[in-house]
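Counting along the sequence shown from 1, when you hit position 238 you're at 238 in UniProt numbering, and nothing is skipped either side.
Keep in mind the hints are simulated off the structure, nothing from the lab.
Watch out, some of these pointers could steer you wrong.
Said to hold, decoys possible - Below 25 Å or equal to it, Euclidean Cα-Cα: the simulated BS3-like pairs (lysine-lysine) are:
{"no.": "1", "residue 1": "165", "residue 2": "151"}
{"no.": "2", "residue 1": "165", "residue 2": "188"}
{"no.": "3", "residue 1": "206", "residue 2": "151"}
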Amino acid sequence: TKDNLALDYPILEPWLDRLGNPGQEKIIIFAMLAFLGVCLIKVLFLSFLAWQQSNFTLKVNINFSLRLFTLYLGQPYVFHLQRNSAELIRNAMSQVGEVLGLITSCMTIAIESLVLFGILALMFFVEPVGTFGVAGTFGLTSWGFYHFSQKRLSTWGEEIQHHEKFRIQYLQEGLGAAKDIKLLGCEKECTERFEVHSLGSARIKKNALLLRTFPRFGLELLAATGITLIIFLMIIQNRPMDSLVATLGLFAAATFRILPSVNRLLSAFQNARFTF
Numbered sequence: 001t002k003d004n005l006a007l008d009y010p011i012l013e014p015w016l017d018r019l020g021n022p023g024q025e026k027i028i029i030f031a032m033l034a035f036l037g038v039c040l041i042k043v044l045f046l047s048f049l050a051w052q053q054s055n056f057t058l059k060v061n062i063n064f065s066l067r068l069f070t071l072y073l074g075q076p077y078v079f080h081l082q083r084n085s086a087e088l089i090r091n092a093m094s095q096v097g098e099v100l101g102l103i104t105s106c107m108t109i110a111i112e113s114l115v116l117f118g119i120l121a122l123m124f125f126v127e128p129v130g131t132f133g134v135a136g137t138f139g140l141t142s143w144g145f146y147h148f149s150q151k152r153l154s155t156w157g158e159e160i161q162h163h164e165k166f167r168i169q170y171l172q173e174g175l176g177a178a179k180d181i182k183l184l185g186c187e188k189e190c191t192e193r194f195e196v197h198s199l200g201s202a203r204i205k206k207n208a209l210l211l212r213t214f215p216r217f218g219l220e221l222l223a224a225t226g227i228t229l230i231i232f233l234m235i236i237q238n239r240p241m242d243s244l245v246a247t248l249g250l251f252a253a254a255t256f257r258i259l260p261s262v263n264r265l266l267s268a269f270q271n272a273r274f275t276f
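Go ahead and model the full structure; you've got the sequences and the hints to work with.
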């Protein structure tokens with residue numbers, strides 16, 4: 001009822017007065033309509049944001065590739081004699097994709113940070129102590145995992161550039177000199193050289209993918225543990241059962257909405273470190 005809500009959440013009392021002190025059923029209907037409106041606005045905004053992001057990455061891809069190709073063509077002939085064409089091809093194709101990945105990661109970090117801030121602000125309004133505990137636990141765990149993986153990802157990024165360069169080089173040499181290779185009968189040697197760097201590149205990509213997957217499992221276990229600890233804390237404080245159930249529902253919904261955001265944030269940071 002209005003009196004119970006005003007007693008539990010004094011900040012809502014002026015708003016209830018403006019609505020004419022409605023009954024419980026009207027409050028529920030109004031809350032659900034407001035929730036539906038917020039969801040609709042969210043879907044429209046995210047759709048518009050995805051469309052703008054796609055257009056932006058498309059323009060960056062075209063402009064960056066064209067500028068790099070124009071730059072290479074404008075270099076003196078000595079520049080091309082001193083460099084393998086496989087390296088230039090890798091830069092004009094693979095590196096452009098990595099730059100786009102970095103830009104996308106930065107956008108993801110900005111968006112998910114805003115989402116996390118909004119959810120944590122709501123949780124802090126309802127349960128400040130529990131919110132500090134949840135935010136601190138997720139923050140320290142995420143920072144620890146990123147600190148553990150950043151050096152390894154940076155090393156893997158350098159190694160994969162090395163392997164991709166030689167994959168393109170041996171592919172060019174093999175296809176460009178197919179007639180000579182057939183005459184000399186050295187197909188096996190050429191395929192073995194290409195295979196070494198293909199396996200090296202695939203191994204690094206597999207390791208990087210696994211490293212991006214592990215945080216999700218750990219965060220799910222951490223979320224379940226955190227909610228359990230919060231409930232124990234509220235029981236020790238002799239909180240009323242109705243307050244406990246309401247807070248549990250809020251924290252459960254908020255925590256499992258936070259999980260994807262934290263996971264995407266970690267993946268974005270890892271992708272940025274792996275790319276550059």
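What hint numbers does the structure not satisfy?
Going through the list in order, the structure violates no hint and respects every one.
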